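What follows is each chain in one-letter form.
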Amino acid sequence: METIKNVLDPRVKLIIVLSLSTTAVFIKDVYYLGGILLISIMISILFNSPLLSLINKFKRMLWLIVSLIFIQSIFIADGTSIIALGDITFLTIQGIIKGLQLVLRMLIIIISASIMGTNTSREIVQGLVQWRIPYEIAFMVSIAIRFLPMLTDEIRDVVIAIQLRGIELEKIPLRKRIKIYSYVLMPIVANTMVKARKLSTAMEMRGFGVNENRTSYHTLQMRRIDYAVIVITILGLTTILGQYYLQGG
Amino acid sequence: MIDHVSFAYKKQHPIINNMSIELFSEDFTAIVGANGTGKTTLGKLMTGILKPEKGSVIIDGLDSSKISLGAIGKKAGYLFQNPERQIFAPNVYEELSFPLEVKGMKKEEIERKVNESLTIFQLTHLSKVFPFTLSQGEKQRLALAAILINEPKFLILDEPTTGLDIERKNTLSTILGRLKEKGIGIVMISHDGAFIGKHATRIIELAGGEVIGDNKKCLGSKSKTDHCA
Chain A
1 METIKNVLDP
11 RVKLIIVLSL
21 STTAVFIKDV
31 YYLGGILLIS
41 IMISILFNSP
51 LLSLINKFKR
61 MLWLIVSLIF
71 IQSIFIADGT
81 SIIALGDITF
91 LTIQGIIKGL
101 QLVLRMLIII
111 ISASIMGTNT
121 SREIVQGLVQ
131 WRIPYEIAFM
141 VSIAIRFLPM
151 LTDEIRDVVI
161 AIQLRGIELE
171 KIPLRKRIKI
181 YSYVLMPIVA
191 NTMVKARKLS
201 TAMEMRGFGV
211 NENRTSYHTL
221 QMRRIDYAVI
231 VITILGLTTI
241 LGQYYLQGG
Chain B
1001 MIDHVSFAYK
1011 KQHPIINNMS
1021 IELFSEDFTA
1031 IVGANGTGKT
1041 TLGKLMTGIL
1051 KPEKGSVIID
1061 GLDSSKISLG
1071 AIGKKAGYLF
1081 QNPERQIFAP
1091 NVYEELSFPL
1101 EVKGMKKEEI
1111 ERKVNESLTI
1121 FQLTHLSKVF
1131 PFTLSQGEKQ
1141 RLALAAILIN
1151 EPKFLILDEP
1161 TTGLDIERKN
1171 TLSTILGRLK
1181 EKGIGIVMIS
1191 HDGAFIGKHA
1201 TRIIELAGGE
1211 VIGDNKKCLG
1221 SKSKTDHCA
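Going line by line, the protein sequences match chains A and B. As numbered in my numbering, the first sequence has no gaps in its residue numbers, which increase by one up to the final residue, 249. As numbered in my numbering, the second sequence has no gaps in its residue numbers, which increase by one up to the final residue, 1229.
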């Protein structure tokens, strides 16, 4: 039996992702954003996207998310004060709401983007090409999708290698630790440049860009269900945005 | 000590299957086996980079799951299959000096140790060079020098002879011989039969995530391994 993730054209998924991300950017209300996050999670589960591994990553980033809420709220001085020292306000209700908005937006964008992980980069490129996006740009997108996980692997390896030099990161003062983390950047940038050079050579060796009109062995074909989902998505998007702005935005 | 260790990257495909091995610092242990038999995974388990799903890895009396990588790094050094993964400073000298600086060693002492290391590994003329422009053999030597400057008690080398010419292999051979004399335990994961034949006092053969052979050259060491080749 065909699962929903295999049924839909990657372009339809791209429209869903763009719609969810767009609403997340335009809407400021925390309740609305919470609702959109819920919808994103449900769609993500429906498409069988790698949500569990994402949640595991979020767990590790929990401290960052919480600190983001507080950092964001510290810079907002309006609203009812919660923590203040004399005349200086450190935390306000308005500030916390702003922080929550930021975090909810981030979560919506990341979770909805995970839906694209249910397609191969080749399928996504094909979708973009059939949308008449220049192949060079579509190919760049596919390279980004292909190399991003490798980049995270490399960062992890470098941090491991640094620790295996007998450096106990958790016991080192913050200033020294920041200097150590600066070492992570060097091999990542150098390796990326080396990889880019090798990739461009390999592409030229295989005649990239020689023929102006490219043909594809695999082509995508939109079906009725694809059009139906696009219509439902656009209707959903306009309803949510319309409702939000009618209520005074 | 690897004690009934199992490990899998994906649940359905175990890479290491209920494996038990005891390693001794007086041995030069070679781990051999075909591609995909779990050699590199075993090496990463030995250094705590990977944590076992079942069983335990005991490093110098401490469970690898309960100590930090930094603490393991003070006891054991690990040479990655690809040395580029463990090079990160803007020049060769700093590559060797920065862990010592972080540990708060005196400047004169750092200078002495780094210069000594540069000489041993024939890298003195490259001390100001950007490490990523070095040849494969030079990177290999730099990575090894960077590990050894920490004075680990145990060394795990993953395919250290890959990409080395005969002359560089001989240099590596001399260096490893000296380390052995100093009493540093060495585990080498390799396909290089000639190199293993020259140095190894114990050969562990893996297949399908299990030990299928554990042979020891009887050189009068105190190892508890029974078999002698």
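The reader is advised that the hints may include incorrect statements.
[What the hints assert, rightly or not] Stretch-level coverage of chain B by chain A, calculated; a stretch enters the list once three of its residues show a Cβ under 8 Å from a Cβ in chain A: (1) 1065-1071; (2) 1086-1098; (3) 1116-1122; (4) 1188-1195.
It is worth saying that the hints were derived from the structure and are not from the lab. Fair warning: this is a prediction, and the values are worked out from it, not measured in the lab. Glycine is no exception: its CB is placed at the ideal position from the N, C-alpha and C atoms.
Hint-by-hint comparison with the structure:
no. : hint      : result
1   : 1065-1071 : holds (count 4)
2   : 1086-1098 : holds (count 6)
3   : 1116-1122 : violated (count 0)
4   : 1188-1195 : violated (count 0)
Comparing the model with each numbered hint stated earlier shows that hints 3 and 4 do not hold.
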